[in-house]
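Q: These are the residues of each chain, in order.
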Amino acid sequence: MNFPKELLYTKTHEFVKPDGNNAVLGITDYAQSQLGDIVFIELPDVGTKFTKGEKFAVVESVKAVEDIHTPVSGEVMEINDDLEANPNFVNEDPYSKGWLIKIKLDSPDELKKLLNLEQYKEFVD
Amino acid sequence: MSSEVNLKRTSIYSEHIKLGAKLVPFAGWEMPVQYSGIIEEHNCVREKVGVFDVSHMGEFTVRGPGAADFVNFLITNDFSKIVPGQAIYSPMLYEDGGIVDDLLAYRKSEEDILLVVNASNLDKDFTWITDLAKRFNFEVTLGNISDSISEFAVQGPSAEKVMHELFGESVSGLGFFRFLEVKFNNHDILVSRTGYTGEDGFEIYMENHLALEIWNQLFSIGKAFGIQPIGLAARDTLRFEAKLMLYGNDITKDTNPLEAGLKWTVKLDKPDFCGKEALLKIKEAGLTRRLVGFEMVDRGIPRHDYKIFKDNNEIGFVTSGTHAPFLKKNLGLGYVSFEHRKKGTEIFIEVRGRLLKAVIVATPFYKRKK
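Those protein sequence lines, which keep their order, are chains U and Y.
Counting from 1, one number per residue, gives the positions in the first sequence under my numbering.
Counting from 126, one number per residue, gives the positions in the second sequence under my numbering.
Hints were generated in silico from the structure; no laboratory data involved.
One or more of the hints may lead you astray.
Calculated lysine to aspartate or glutamate pairs in the EDC-like style (CA-CA distance at most 20 Å, straight line) [claimed, not checked]:
#, chain 1, residue 1, chain 2, residue 2
1, U, K55, Y, E475
2, Y, K454, U, D82
3, Y, K454, U, E84
4, U, K97, U, D81
5, Y, K147, U, E92
Because the structure is a prediction, the values reported are computed rather than measured.
Chain U with its partners taken away, still in its complex shape:
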């Protein structure tokens, strides 16, 4: 499994990649491998505001439907449009080609509650 060091993680297998006041959100390598072949992704509209814990996307594999929740509050700045035609990008490369949304953080302090690499690895094992 590939878990980059510079990312933050959640116990529900989302990753957060902080970038100043923004953050990129997606699902981890572990999450995509558990889901299997991903065939459909529903993303929110740009401009939608989410509170920490809310569902912001739905990822569907051939057999499963999975709600994805945001661990941080904020406004959607960008979504990964490529996933409409290529949902399999999340399987192939969850951290870069398979990112889901970019969010403008309401309170960057929320990042402190997330797991670092070591904590996440320990959780997955």
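Following the hints, complete the assembly by docking chain Y onto the known chain U.
A: Chain Y only, in chain U's frame:
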């Protein structure tokens, strides 16, 4: 998985582990749900050949002077029309016309019949069949041999070649729904030209102790044909594209075979069968709903139990639905009220609170080229 108590394992469990299968509990068994990935496995069966360990399926013997008559009473299809060496697909019904299960009945002889039923219904089926035989005084002895029998399915365009190399011309030359008992290491095994994928293929029934060797031989022969192990998940998507029924989804005790589109398996001109009177009444009153296939027009995947709407009225529900791996479309099966059953009808599927457009299409979604 360790929290699941007393899950049964098939005779080749250790092979699944070696092959890197993902195992899940299913109908009391620890079964391989996928190996390399559902889409790859699915397309391997459509384009090459795949092997399924389906040893969880139930096998019952029906023996005795009344065997053929009893099976003909038990099922809706006409068992009297088939000869020894032939198998038949059929539902069996409760008195009210609801479906107990669907099964394959193999006519070995007048007095020796093999029934193959769904693992998830095994205990219920055996009780039902035993009670029915007793209630109507059929001279039969019933046996549940499920735990001693392994079953593999070899499916796909190259299945015939693999079976030819392993068992010879007598097996590879079998006609559709014909079967043969052949010797393997001096033990009888049964091979039929049947399957649950919409492809050409075979099913092999053998005593558990033969399973490992047959499995290994299938792979060593099949290697040249690109053979792969196929899990239960792809088994479901394969049968779905071919519109083969899944009990618990498309057919249940609350559905009857006429509305499920299984009229071809119901012989109302037979002298008698369990559920016949109820079906005659249902037919006379007219069907109220029909199982149809549909394709999504809007983006979204239909799933089991999603609601179906027409003009903002609820008109039915989805029984099976997925992204079809070979056809690469989002497709579903579902019951809709009878007046809305026609091809080309625009319907709406409720997906996460939104109504998404779909259109009723011809089924099966997938039909192999001869």
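Q: With reference to the structure, classify each hint as holding or not holding.
A: Hint check:
Distance hint between K55/U and E475/Y is fulfilled; the C-alpha atoms sit about 18 Å from each other, no more than 20 Å. Annotation: proposed proximity of K454/Y to D82/U holds, straight-line Cα distance about 18 Å (limit 20 Å). For the hint linking K454/Y to E84/U, the alpha-carbon distance of about 14 Å falls within 20 Å, and the restraint holds. Of the supplied pair hints, the one linking K97/U and D81/U holds, its CA atoms being roughly 11 Å apart against a limit of 20 Å.
For the hint pairing K147/Y with E92/U, the CA-to-CA distance comes to about 19 Å; that is within 20 Å, so the pair holds.
The structure shown violates none of the earlier numbered hints.
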